[in-house]
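Undergrad: So you can see what is in the structure, the chains are spelled out below.
Number of protein chains: 4
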Amino acid sequence: MAYEFKTTRRVEFSDTDMAGIMHYANFFRFMETAEHGFYRSLGFSVVMPETDPRLGWPRVHAECDYKKPLRFEDLVEIHLLVAEKRSKVVTYGFRFRKLNEEPTIEVARGALVIVCVAHQPDGKMSAVPIPREIADQIEVAPPELLERV
Amino acid sequence: MAYEFKTTRRVEFSDTDMAGIMHYANFFRFMETAEHGFYRSLGFSVVMPETDPRLGWPRVHAECDYKKPLRFEDLVEIHLLVAEKRSKVVTYGFRFRKLNEEPTIEVARGALVIVCVAHQPDGKMSAVPIPREIADQIEVAPPELLERV
Amino acid sequence: MAYEFKTTRRVEFSDTDMAGIMHYANFFRFMETAEHGFYRSLGFSVVMPETDPRLGWPRVHAECDYKKPLRFEDLVEIHLLVAEKRSKVVTYGFRFRKLNEEPTIEVARGALVIVCVAHQPDGKMSAVPIPREIADQIEVAPPELLERV
Amino acid sequence: MAYEFKTTRRVEFSDTDMAGIMHYANFFRFMETAEHGFYRSLGFSVVMPETDPRLGWPRVHAECDYKKPLRFEDLVEIHLLVAEKRSKVVTYGFRFRKLNEEPTIEVARGALVIVCVAHQPDGKMSAVPIPREIADQIEVAPPELLERV
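Residue numbers (my numbering), protein chains in the order written: chain D, 1 to 149; chain B, 1001 to 1149; chain S, 2001 to 2149; chain F, 3001 to 3149.
By construction, these hints were calculated from the structure, which means they are not laboratory data. One thing to keep in mind: the hints can contain errors.
Unchecked claim - Think about it this way: if two alpha-carbon atoms lie no more than 27 angstroms apart in a straight line, the pair counts; the simulated DSSO-like pairs of lysine-lysine are:
no.	chain 1	residue 1	chain 2	residue 2
1	S	2124	F	3098
2	D	98	D	68
3	S	2098	S	2068
4	B	1067	B	1088
5	D	124	B	1067
6	B	1085	D	68
7	F	3098	S	2068
8	B	1098	D	68
9	D	85	B	1068
10	D	98	D	6
11	B	1068	B	1006
12	F	3124	S	2124
13	F	3098	F	3068
14	D	98	B	1124
15	B	1085	B	1006
16	D	98	F	3006
17	B	1124	B	1088
18	F	3088	F	3124
19	B	1006	S	2006
20	F	3098	F	3067
21	S	2085	F	3098
22	B	1068	B	1098
23	S	2098	S	2067
24	D	67	B	1068
25	S	2124	S	2088
26	F	3085	S	2088
27	F	3067	S	2088
28	D	6	D	68
29	F	3006	F	3088
30	S	2067	F	3098
31	S	2098	B	1006
32	F	3124	F	3068
33	B	1088	D	67
34	S	2088	S	2006
35	F	3067	S	2068
36	S	2085	F	3067
37	B	1085	B	1124
38	D	88	B	1068
Generate coordinates for the entire structure from the input sequences, incorporating the hints supplied.
TA: Rendered as structure tokens:
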């Protein structure tokens, strides 16, 4: 059972914009990087071509609160926390922490709400229960971790 | 006085991901495209190098609700609405509508909360009132537009 | 028969990097935008899900020469020219011209070499002749257009 | 003195496109990642805000030859080699090698030609000699490394 995952990224030149900071949309790419690393840490990949019907994990909601900017070559920790787990839906919280300054500071918080879907033969997607071998490995993080400011 | 702006984009190959749909982070790039087009429609640019101190418009919050996927070559209308206006902060709502199907359907909704800041000589940013020549041109959209499902 | 196509793009905030100019990798996204617009102008899409076997158009070579930077909100024309046409391979040349200055100036030149492939059942790709209904519509641009400095 | 640098990247979901492979423009982002890591390995950053005049390293040419696709979660080594060194210009070669298969295979080769420039007070850039403390650390790779197929 796992309720969290941490990974780090260095902000690249192509992540920045002309304001000299990481472009705000790229925080969402970094959240996804942590999410997929979380799955790998549990022994599976978000892409499961062999399942029938083929499963997908589209997001139905994404959000981010920005507190401090990230700059080129900043080293950032992305901390994923399982915030909610339902039959067909998982909500992740994310904490972005800049590591290359003492003390390290939280620069942003995000969240993703993800639905497990099956791809139907007609190209449509329908929500389905998260496969048990995955659901059994995921648990909600302790409230004190989720609420910590 | 303006409370809305519409622009269209065709989903490009580089906007898609291996799920065959527009990557979810790109909706945030499209929101910004509409925001900056809104400013141009009012006669100014979000980049104002000649102001002293130099002004910036960082986002403090961004969110998106995804209802239907967008696919390659879909034509999408991004409809910006001024949702809230305060001295130093503007909140925009966004409606994404896929135009290349009849009837057209809303595929996503988003929001951006943006603060007007001045860049200080020491590199820090501090929130400042939105310049009057800009603030005077922006008004909040009628409630029925904001609430319409 | 067509040997050229022109489209325009406005440089967006998310296209820029901290050097204040369009990030160099984005010129390749813009080339592809022109390429796919060229196909649409001929009445087809680069994505042809109904062909059997499914066709693809991977690039085997891409290059760009940068002369002048593009900046935020610059209006740029991307001019595609068919530079070479062989049974299974097409080479496109691209001219990037900044339109929001008089006289307009060429800021970059690029090229893409594209192979027509069929996706085999085992997941591999093999080069195949370009379908006749497409090949018949494409011709090499006059040499004076290709050589013009 | 250094003539090479290696770094690795895992292909992320947002690096892929609807063809199920890494989008071709992203190879150029990866080249730059290796280039900037090379500079860090030599003890400096490509961004040098304190130099006067401020230096920049725009690319004047970029190219890539694609042999095999990269897919989601592939682990790729980006191998930078100094191919040519002149007073104001450096040319780097890049080898992309997919590490998560035995034997590892080269999937792409790239090159970047980079000019050292000084930003003038009027906003223009002019080519200048590479600062000696940097130039003294960089040497051209042995020919057998550059020519190896």
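Undergrad: So, for every hint listed, does it hold in this structure?
TA: Hints, verified against the model:
no. : hint              : in the structure
1   : 2124(S) x 3098(F) : holds, 17 angstroms
2   : 98(D) x 68(D)     : holds, 9 angstroms
3   : 2098(S) x 2068(S) : holds, 9 angstroms
4   : 1067(B) x 1088(B) : violated, 31 angstroms
5   : 124(D) x 1067(B)  : holds, 13 angstroms
6   : 1085(B) x 68(D)   : holds, 22 angstroms
7   : 3098(F) x 2068(S) : violated, 34 angstroms
8   : 1098(B) x 68(D)   : violated, 34 angstroms
9   : 85(D) x 1068(B)   : holds, 22 angstroms
10  : 98(D) x 6(D)      : holds, 13 angstroms
11  : 1068(B) x 1006(B) : holds, 20 angstroms
12  : 3124(F) x 2124(S) : violated, 48 angstroms
13  : 3098(F) x 3068(F) : holds, 9 angstroms
14  : 98(D) x 1124(B)   : holds, 17 angstroms
15  : 1085(B) x 1006(B) : holds, 19 angstroms
16  : 98(D) x 3006(F)   : holds, 25 angstroms
17  : 1124(B) x 1088(B) : holds, 17 angstroms
18  : 3088(F) x 3124(F) : holds, 17 angstroms
19  : 1006(B) x 2006(S) : holds, 24 angstroms
20  : 3098(F) x 3067(F) : holds, 11 angstroms
21  : 2085(S) x 3098(F) : violated, 31 angstroms
22  : 1068(B) x 1098(B) : holds, 9 angstroms
23  : 2098(S) x 2067(S) : holds, 11 angstroms
24  : 67(D) x 1068(B)   : violated, 30 angstroms
25  : 2124(S) x 2088(S) : holds, 17 angstroms
26  : 3085(F) x 2088(S) : violated, 37 angstroms
27  : 3067(F) x 2088(S) : holds, 16 angstroms
28  : 6(D) x 68(D)      : holds, 20 angstroms
29  : 3006(F) x 3088(F) : holds, 24 angstroms
30  : 2067(S) x 3098(F) : violated, 33 angstroms
31  : 2098(S) x 1006(B) : holds, 25 angstroms
32  : 3124(F) x 3068(F) : violated, 40 angstroms
33  : 1088(B) x 67(D)   : holds, 16 angstroms
34  : 2088(S) x 2006(S) : holds, 24 angstroms
35  : 3067(F) x 2068(S) : violated, 30 angstroms
36  : 2085(S) x 3067(F) : holds, 20 angstroms
37  : 1085(B) x 1124(B) : holds, 24 angstroms
38  : 88(D) x 1068(B)   : holds, 17 angstroms
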